[in-house]
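Undergrad: With the hints as constraints, model all of the structure from the sequences given.
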Amino acid sequence: MKKIHLEIIFGTVFILISALLLAIMAVKEQDRLGEEGRLSAYEGQQRASQIEFGAGIYETNCTSCHGEYGQGIPGKAPCLRCEELFSARMEEIGWQGSLEEYVESVVTTGRQVSTRPELYQGEGLGSPVMPTWSEAFGGPLREDQVKSVAAFVANFEEWGLNPELVPTPVIALPPDDPTALGRLVFVQQGCIGCHTVEGLSTATTGPVLNGLADRAGSTVDGMDAEEYIKNSIKNPSDYVVSEFNDGLMPANFSELITDEEMDLLLSFLLTLSE
Amino acid sequence: MLNSLREKINNFPRGTELRTKIREMVDNRVRIITAGLSMKEIRAVLRGDPPTEKPNPRYKVITTSFVAHLRPRYYPKAATWFTHTFRLGWFTTFFFVVELVTGMVLMIYYVPFPDQAYESILAIESNVFLGELMRDLHRLGAEGMVLFTWLHMFRTYFTGSYKGQRSFTWLTGVALLAITAWLSFSGYLLTWDQLGYWAITVGSSMAESGPVVGPALNLLLRGAPDIGAGGLLRFYLNHVILFPLIAILVISIHYYKVSREHSISLPATVEEGKLTKEERKEATRRIDLIPDLLTHELFLTSLGILIMLVILYFGLFASPLETHANPQQTPLDTKAPWYFWWLQGLLKIDPASIIENMLAGIGITVELSSILNSKFIMGLVIPPVLIGILVGVPYIDRNPSRLAKNRPFAIGWGIAWIFILLALSYMGLPEFGVETPLATRIIQDLAPEEGLGELRATPYEELIPGVYTVGEDYGRDLCPSGYSYEDHESGELVIGCPHLTAVFTEYSEKLLIGEEEGKLTDLHATMTIEDFAPSLRRVIMHIEWFDDDASIDKEYEKQYFLHLDRVREH
Numbered sequence: 001m002k003k004i005h006l007e008i009i010f011g012t013v014f015i016l017i018s019a020l021l022l023a024i025m026a027v028k029e030q031d032r033l034g035e036e037g038r039l040s041a042y043e044g045q046q047r048a049s050q051i052e053f054g055a056g057i058y059e060t061n062c063t064s065c066h067g068e069y070g071q072g073i074p075g076k077a078p079c080l081r082c083e084e085l086f087s088a089r090m091e092e093i094g095w096q097g098s099l100e101e102y103v104e105s106v107v108t109t110g111r112q113v114s115t116r117p118e119l120y121q122g123e124g125l126g127s128p129v130m131p132t133w134s135e136a137f138g139g140p141l142r143e144d145q146v147k148s149v150a151a152f153v154a155n156f157e158e159w160g161l162n163p164e165l166v167p168t169p170v171i172a173l174p175p176d177d178p179t180a181l182g183r184l185v186f187v188q189q190g191c192i193g194c195h196t197v198e199g200l201s202t203a204t205t206g207p208v209l210n211g212l213a214d215r216a217g218s219t220v221d222g223m224d225a226e227e228y229i230k231n232s233i234k235n236p237s238d239y240v241v242s243e244f245n246d247g248l249m250p251a252n253f254s255e256l257i258t259d260e261e262m263d264l265l266l267s268f269l270l271t272l273s274e
Numbered sequence: 001m002l003n004s005l006r007e008k009i010n011n012f013p014r015g016t017e018l019r020t021k022i023r024e025m026v027d028n029r030v031r032i033i034t035a036g037l038s039m040k041e042i043r044a045v046l047r048g049d050p051p052t053e054k055p056n057p058r059y060k061v062i063t064t065s066f067v068a069h070l071r072p073r074y075y076p077k078a079a080t081w082f083t084h085t086f087r088l089g090w091f092t093t094f095f096f097v098v099e100l101v102t103g104m105v106l107m108i109y110y111v112p113f114p115d116q117a118y119e120s121i122l123a124i125e126s127n128v129f130l131g132e133l134m135r136d137l138h139r140l141g142a143e144g145m146v147l148f149t150w151l152h153m154f155r156t157y158f159t160g161s162y163k164g165q166r167s168f169t170w171l172t173g174v175a176l177l178a179i180t181a182w183l184s185f186s187g188y189l190l191t192w193d194q195l196g197y198w199a200i201t202v203g204s205s206m207a208e209s210g211p212v213v214g215p216a217l218n219l220l221l222r223g224a225p226d227i228g229a230g231g232l233l234r235f236y237l238n239h240v241i242l243f244p245l246i247a248i249l250v251i252s253i254h255y256y257k258v259s260r261e262h263s264i265s266l267p268a269t270v271e272e273g274k275l276t277k278e279e280r281k282e283a284t285r286r287i288d289l290i291p292d293l294l295t296h297e298l299f300l301t302s303l304g305i306l307i308m309l310v311i312l313y314f315g316l317f318a319s320p321l322e323t324h325a326n327p328q329q330t331p332l333d334t335k336a337p338w339y340f341w342w343l344q345g346l347l348k349i350d351p352a353s354i355i356e357n358m359l360a361g362i363g364i365t366v367e368l369s370s371i372l373n374s375k376f377i378m379g380l381v382i383p384p385v386l387i388g389i390l391v392g393v394p395y396i397d398r399n400p401s402r403l404a405k406n407r408p409f410a411i412g413w414g415i416a417w418i419f420i421l422l423a424l425s426y427m428g429l430p431e432f433g434v435e436t437p438l439a440t441r442i443i444q445d446l447a448p449e450e451g452l453g454e455l456r457a458t459p460y461e462e463l464i465p466g467v468y469t470v471g472e473d474y475g476r477d478l479c480p481s482g483y484s485y486e487d488h489e490s491g492e493l494v495i496g497c498p499h500l501t502a503v504f505t506e507y508s509e510k511l512l513i514g515e516e517e518g519k520l521t522d523l524h525a526t527m528t529i530e531d532f533a534p535s536l537r538r539v540i541m542h543i544e545w546f547d548d549d550a551s552i553d554k555e556y557e558k559q560y561f562l563h564l565d566r567v568r569e570h
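The listed protein sequences derive, respectively, from chains W and P. Here the first sequence stands for residues 1 to 274, where the numbers follow the numbering used here. Here the second sequence stands for residues 1 to 570, where the numbers follow the numbering used here.
Each hint should be verified, as a subset may be incorrect.
Unchecked claim - Calculated pairs, DSS-like style, for lysine-lysine (alpha carbon to alpha carbon, straight line, at most 30 Å):
1. P/Lys54 x W/Lys2
2. W/Lys2 x P/Lys281
3. P/Lys163 x P/Lys335
4. W/Lys3 x P/Lys257
5. P/Lys54 x W/Lys3
6. P/Lys405 x P/Lys375
7. P/Lys335 x P/Lys277
8. P/Lys274 x W/Lys2
9. W/Lys2 x P/Lys163
10. W/Lys3 x P/Lys60
11. P/Lys554 x W/Lys3
12. P/Lys277 x P/Lys77
13. W/Lys3 x P/Lys274
14. P/Lys554 x P/Lys335
15. P/Lys40 x P/Lys77
16. P/Lys554 x W/Lys2
17. P/Lys375 x P/Lys277
18. W/Lys2 x P/Lys77
19. P/Lys77 x W/Lys3
20. W/Lys3 x P/Lys281
21. W/Lys3 x P/Lys277
22. P/Lys335 x P/Lys54
23. P/Lys77 x P/Lys54
24. P/Lys348 x W/Lys2
25. P/Lys274 x P/Lys257
To be verified - Not the full set, but computed from the structure, chain W residues with beta-carbon under 10 Å of chain P:
26. Gly11
27. Tyr69
28. Glu158
29. Gly160
Just so you know, the hints here were simulated from the structure itself, not pulled from any lab data. Positions of the beta carbon are idealized from the N, C-alpha and C atoms, including for glycine.
TA: Written as structure tokens, this is what we have:
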């Protein structure tokens with residue numbers, strides 16, 4: 001047999017095998033793209049990586065107001081993993097689209113005026129309750145980042161509608177150090193949302209707390225530092241620092257903080273010297 | 001009128017006469033379309049029979065047909081020996097055609113704007129019918145084209161096929177090497193992921209380091225001081241219009257020289273070696289385009305398609321796609337495409353400090369780093385010099401002989417260059433010569449910023465929340481005893497947490513070795529896993545140590561979010 005004949009035979013066989021491979025791939029592809037497979041593995045994976053990406057963005061940008069785990073900070077910004085967002089919020093605001101789109105729109109433009117001033121009053125006219133986040137309106141995030149963070153928030157639905165599923169957080173610190181644990185309470189209760197503590201937060205809504213240990217004992221006559229701080233947390237209107245308005249600090253911390261947490265918090269705050 | 005019609009009908013050919021007449025008419029049409037081949041001739045071609053007419057009608061096609069005029073009439077037998085050419089040039093062209101075809105399909109779905117580019121790639125991968133295949137073919141073809149261009153060049157060099165009248169063909173070949181590299185490199189940016197974005201940022205920053213025209217050149221290339229919408233559009237247009245057109249033109253010139261002017265070079269042993277008369281006759285026997293070369297090319301085409309499809313069918317190659325480009329975050333291990341590793345290696349050489357050290361050795365102290373900028377010398381001066389040397393090869397090498405034994409210097413030089421390129425490429429790897437702090441390195445190896453890594457491959461079910469401290473004894477398994485789970489992907493039952501345990505063991509071992517070696521004094525390291533959101537857990541790697549050199553406490557922390565449904569394998 002001549003070389004040319006072998007080439008024709010093998011060439012034909014190769015083309016047939018190629019066509020077969022292509023056909024198999026096409027059939028698989030059809031399953032993948034078909035109506036049933038639409039939310040198939042690939043899209044699930046894309047969704048998963050979007051949520052992971054969104055979590056990172058949330059962690060860097062949003063925790064100072066919405067809390068480390070989306071639990072919200074009283075007086076500062078609402079809870080993002082609570083039932084209210086998933087069951088009532090869209091109706092309250094009159095939103096027509098999906099929840100994820102709602103979150104996307106809020107993140108994109110921010111909130112210039114509070115829709116619930118009795119809960120989140122912000123810092124008055126001229127400074128937004130929530131800043132604009134989208135690059136399109138002068139914020140720092142690209143469109144895909146905004147979408148990812150919205151996907152991350154929408155992912156909270158499962159916990160929002162089933163609060164019993166929310167796990168207790170793992171404490172990432174040695175459990176025998178009250179100062180370190182108090183620092184954690186300070187973070188988790190959202191104190192960082194309003195108070196500056198050097199190396200931890202930079203918020204200016206409330207007084208700077210560095211130096212608190214030095215001055216707390218001499219602020220009110222007849223009250224030692226511990227008493228004064230405890231009282232200021234539980235009844236914030238009693239002694240308001242002169243540059244700040246009354247009513248800025250939520251009055252319900254006595255309900256939110258357990259006695260045990262209060263002790264830890266105190267041991268942390270009393271280390272804050274100048 | 002009726003009479004004349006009757007006359008015509010009477011005179012109309014019948015029987016054999018009619019058949020001959022029809023055959024002639026058909027034959028005529030066929031000859032016009034095939035530029036000279038009759039029906040009988042086509043049958044002979046398909047059977048592999050010799051030509052039926054004289055002069056050989058198969059040669060006429062090549063003079064008359066536009067498409068065929070680029071092709072040779074024949075090659076001498078020895079020029080088609082597989083061991084002479086290895087079909088390297090042919091496969092380069094094959095890959096170029098693959099690029100054109102798949103590229104045109106991809107162009108339908110691709111959007112060259114920064115805010116949509118990445119998403120359009122995701123859409124091609126997920127929503128376009130056979131889109132993933134098209135992208136993989138395009139990427140595989142690109143890598144193949146670059147590889148085969150290099151191989152083709154080395155083959156031409158070692159067989160001495162650039163000499164004499166082929167020196168201009170060599171020049172166009174060098175141009176094609178540069179064009180291919182640029183075509184491939186410009187395509188790199190289009191995915192708009194971290195990989196492409198930073199490879200191009202590093203690459204194009206070389207232009208910026210040039211004197212006088214540097215900033216202007218950079219601006220021309222990027223469309224702005226940094227790569228943005230303007231830069232992406234420029235790279236896109238370069239990639240899909242300008243350089244494909246230039247490539248088509250230069251390939252045509254390169255090929256026309258070979259096919260119509262000087263043919264593929266004969267092996268030196270045939271051209272200069274001592275052969276018997278019969279051997280020489282056989283070696284220079286004509287192998288006609290029609291049908292032999294053409295059949296062979298169709299065969300190679302089917303082979304090429306089959307190999308590519310098999311590679312993709314069995315998942316041996318997948319085009320990479322990293323996370324969305326982020327100008328604010330430089331990835332830890334920036335890596336150029338493999339065919340530019342040699343250049344990256346070059347950039348790591350700092351000529352100023354080498355000369356300074358040499359002069360210091362003989363007692364002269366100078367400061368050169370302000371004049372001899374490594375990026376400028378290594379990125380902008382050396383590569384053009386190298387291209388200059390390549391272009392000059394036929395003029396530098398005046399040795400008329402092509403036989404390997406007569407040109408030991410040229411062959412040695414070529415082999416040396418292969419080693420130089422390999423060594424530079426090795427130096428170009430991110431692992432080489434870039435000092436990453438140990439703590440950073442350990443975490444990056446375990447859970448790289450891009451790609452999978454051991455941590456990301458850990459099943460979600462094994463990520464049991466808790467604080468795991470390095471150095472503490474957790475027994476054989478990190479998870480509570482008796483723990484088992486059913487993998488939600490594979491459905492298989494797993495006892496304990498083998499994967500997580502392996503990850504933690506590797507993390508601990510590397511850190512403890514670092515502590516032993518004195519690189520991480522007073523080590524305190526943890527791995528914390530916690531629930532962050534539904535189906536989403538956070539892993540925090542935290543390392544604290546005392547830096548002996550700087551005498552301060554240091555810490556490094558990195559966190560990862562791992563979702564239940566994330567990709568766990570490639």
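Undergrad: Run every hint past the structure and note whether it holds.
TA: For each hint, the structure was consulted:
{"no.": "1", "hint": "P/Lys54 x W/Lys2", "result": "holds, 24 Å"}
{"no.": "2", "hint": "W/Lys2 x P/Lys281", "result": "holds, 20 Å"}
{"no.": "3", "hint": "P/Lys163 x P/Lys335", "result": "violated, 37 Å"}
{"no.": "4", "hint": "W/Lys3 x P/Lys257", "result": "holds, 28 Å"}
{"no.": "5", "hint": "P/Lys54 x W/Lys3", "result": "holds, 25 Å"}
{"no.": "6", "hint": "P/Lys405 x P/Lys375", "result": "violated, 40 Å"}
{"no.": "7", "hint": "P/Lys335 x P/Lys277", "result": "violated, 56 Å"}
{"no.": "8", "hint": "P/Lys274 x W/Lys2", "result": "holds, 29 Å"}
{"no.": "9", "hint": "W/Lys2 x P/Lys163", "result": "violated, 35 Å"}
{"no.": "10", "hint": "W/Lys3 x P/Lys60", "result": "holds, 24 Å"}
{"no.": "11", "hint": "P/Lys554 x W/Lys3", "result": "violated, 71 Å"}
{"no.": "12", "hint": "P/Lys277 x P/Lys77", "result": "holds, 15 Å"}
{"no.": "13", "hint": "W/Lys3 x P/Lys274", "result": "holds, 27 Å"}
{"no.": "14", "hint": "P/Lys554 x P/Lys335", "result": "holds, 28 Å"}
{"no.": "15", "hint": "P/Lys40 x P/Lys77", "result": "holds, 26 Å"}
{"no.": "16", "hint": "P/Lys554 x W/Lys2", "result": "violated, 75 Å"}
{"no.": "17", "hint": "P/Lys375 x P/Lys277", "result": "violated, 58 Å"}
{"no.": "18", "hint": "W/Lys2 x P/Lys77", "result": "holds, 15 Å"}
{"no.": "19", "hint": "P/Lys77 x W/Lys3", "result": "holds, 13 Å"}
{"no.": "20", "hint": "W/Lys3 x P/Lys281", "result": "holds, 19 Å"}
{"no.": "21", "hint": "W/Lys3 x P/Lys277", "result": "holds, 24 Å"}
{"no.": "22", "hint": "P/Lys335 x P/Lys54", "result": "violated, 61 Å"}
{"no.": "23", "hint": "P/Lys77 x P/Lys54", "result": "holds, 22 Å"}
{"no.": "24", "hint": "P/Lys348 x W/Lys2", "result": "violated, 55 Å"}
{"no.": "25", "hint": "P/Lys274 x P/Lys257", "result": "holds, 28 Å"}
{"no.": "26", "hint": "Gly11", "result": "holds, 4 Å"}
{"no.": "27", "hint": "Tyr69", "result": "holds, 7 Å"}
{"no.": "28", "hint": "Glu158", "result": "holds, 4 Å"}
{"no.": "29", "hint": "Gly160", "result": "holds, 9 Å"}
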